[in-house]
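From first to last, the protein sequence lines stand for chains A and B.
The numbers in the working numbering rise by one with no breaks, and the one at position 21 of the first sequence is 21.
The numbers in the working numbering rise by one with no breaks, and the one at position 174 of the second sequence is 174.
Worth flagging that the hints you see were computed from the coordinates, not collected in a lab.
Built from N, CA and C at the ideal position, the CB exists for glycine as well.
Do not rely on the hints blindly, as some may be mistaken.
Claimed, not checked - Under 10 Å between C-beta atoms, here's a sample of chain A residues computed to sit facing chain B:
id, residue
1, I79
2, A82
3, C86
4, I88
5, T89
6, P98
7, E102
8, H106
9, V108
10, Y109
11, G110
12, A134
13, F141
14, K173
To be verified - Reference listing, derived: stretches of chain B covered by chain A, where coverage requires no fewer than 3 residues with Cβ under 8 Å from a Cβ of chain A:
id, segment
15, 101 to 115
16, 129 to 138
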Amino acid sequence: MPKLRVATVWFSGCSGCHMSFLDLDERLLEFAERADLVFSPIADVKEFPENVDVVLIEGAVGNTAHLHELLEIRRRAKILVALGDCAITANVPSLRNPLPREEVLHTVYGKDDPPGLEEGAVPKLLPHALPLHAVVPVDYFLPGCPPPAERIWKLLRPILLGQRPELSGPDLKFG
Amino acid sequence: MISLTIDGVRVQAEEGETVLQAAKRAGIRIPTLCHLEGLSPRGACRLCLVEVRNWGGRLVPSCATPVQEGMEIVANSPRLRELRRTILEMIFAERNHICAFCVSNGHCELQDLAMELGMDHVRFPYRWPLLPLDLSHEKYGIDHNRCVLCGRCVRACAEVEGAMTWGFSGRGIFTLVEADLGDPWGKSKTCTGCGKCVQACPTGALFEKGKATSEQMKRPEIILEVTERRPRA
């Protein structure tokens with residue numbers, strides 16, 4: 001079996017899911033045997049490549065940049081995994097959702113001209129932080145805040161072996 | 001005695017027993033949320049729906065349906081599994097249930113049901129309502145974001161403590177659990193501060209002050225224990 005092209009992406013999240021991914025520890029050696037990490041916040045690649053087999057996305061869709069990237073990533077990746085609660089429910093980033101976006105930005109950055117209010121050097125904040133599946137179809141959901149490394153491996157390893165992963169019971173624990 | 005079948009198992013039950021009680025005795029698991037031993041049945045959450053095959057497949061809440069002679073109950077089927085998961089997803093979509101920093105994370109009946117019913121995501125759009133938090137009580141707090149409107153607090157307060165502090169205001173998705181006609185909880189003249197509502201609450205909606213993330217353990221079983229210990233005339 002040729003090596004799979006795997007990518008990981010970091011949207012509106014705390015990077016805890018990526019820390020948990022690194023917690024795969026010695027299992028990363030088996031991962032490296034079966035896959036190439038072609039794009040990731042922990043790899044120095046600037047643009048999301050074509051022909052990705054599996055992409056794990058951490059975080060909610062919080063701004064216009066995430067939105068454009070997600071649509072493009074969905075087009076370029078065969079299997080899309082929502083990694084962790086923020087990607088599945090919008091989780092902690094969704095705390096701002098009951099409040100108007102303008103009020104949130106002015107409260108945090110002051111009255112004048114807060115970043116994120118209009119499209120500019122900083123992308124515009126979306127009215128709501130959204131779960132990935134509100135924007136594009138998602139193939140697998142991996143809950144947890146963060147999902148423990150064991151759970152990530154339970155989902156990832158079958159995919160690397162060309163099998164269909166099945167998570168149930170305690171492996172679906174949110175929070 | 002009344003004879004019925006649940007998932008093909010022949011079950012004997014006393015007149016007046018509910019389908020849920022009969023199933024429990026037969027070792028058949030039916031998920032529940034608004035039901036609590038020691039309180040009157042309410043049928044509010046609909047998670048315990050079962051199908052009565054010889055009533056044309058009609059769906060009834062097993063917690064509030066008395067057994068009847070010859071009933072053929074389906075308690076577990078792909079249809080019921082899908083219905084229960086859908087109901088659960090609607091509960092999650094209705095308010096702001098964010099497990100990650102909830103006081104009840106790890107000790108929550110709603111979170112446990114999501115695992116049991118295989119809910120890996122919510123297919124409905126979230127409503128993200130702006131809901132209040134009342135921390136006016138000396139010992140306890142109520143966070144309406146996490147309330148599922150099961151009414152266990154309302155029933156525990158009325159039926160066990162006899163204080164009748166809690167009630168519902170509003171309708172449908174705008175319903176709120178409120179103390180004394182909408183007064184801040186801390187100003188309530190009827191609340192005895194007993195905390196039975198907190199122990200009966202299945203989520204982190206009612207909690208003890210000072211508890212941080214994952215620290216709020218609940219003892220809903222005390223409601224039945226208190227009821228059974230009470231001296232009878």
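Hint-by-hint comparison with the structure:
For I79 of chain A, the shortest C-beta to C-beta distance to chain B is roughly 15 Å, which exceeds 10 Å, and the interface hint is violated. For A82 of chain A, the interface hint holds, since its Cβ comes within 10 Å of a Cβ in chain B; the closest pair sits about 7 Å apart. Because the smallest distance between the Cβ of C86 of chain A and any Cβ of chain B comes to about 9 Å, under 10 Å, the interface hint for this residue holds. At a threshold of 10 Å, the smallest CB-CB gap from I88 of chain A to chain B is about 5 Å, leaving the interface hint in force.
A least Cβ separation of about 7 Å between T89 of chain A and chain B falls short of the 10 Å threshold, and the interface hint therefore holds. Checking P98 of chain A against chain B by beta carbon gives a least distance of about 4 Å; that is within 10 Å, so the hint holds. Interface restraint check for E102 of chain A: the shortest CB-CB distance to chain B comes to about 15 Å, outside 10 Å, so the restraint is violated. The interface hint given for H106 of chain A is broken, as the beta carbon of that residue sits about 17 Å from the closest beta carbon of chain B, more than 10 Å.
For V108 of chain A, the interface hint is violated, the least distance from its beta-carbon to any beta-carbon of chain B being 18 Å, above 10 Å. At a threshold of 10 Å, the smallest CB-CB gap from Y109 of chain A to chain B is about 21 Å, leaving the interface hint violated. Look at G110 of chain A: its Cβ only gets to about 23 Å from chain B, farther than 10 Å, so that hint breaks. Interface hint at A134 of chain A: satisfied, since its Cβ lies 7 Å from the closest Cβ of chain B, which is below the 10 Å cut-off.
Among the interface hints, the one on F141 of chain A holds; its C-beta lies about 4 Å from the nearest C-beta in chain B, closer than the 10 Å criterion. The beta carbon of K173 of chain A comes within 6 Å of a beta carbon in chain B, closer than 10 Å, and the hint placing it at the interface holds. Against chain A, the segment 101 to 115 of chain B contributes 7 residues with a C-beta closer than 8 Å to a partner C-beta. That satisfies the three-residue criterion, and the hint holds. Residues of the segment 129 to 138 of chain B with a Cβ under 8 Å from some Cβ of chain A number 3, which satisfies the need for three, so the listed coverage holds.
Checked against the numbered hints listed earlier, the structure breaks hints 1, 7, 8, 9, 10, 11; every other hint is satisfied.
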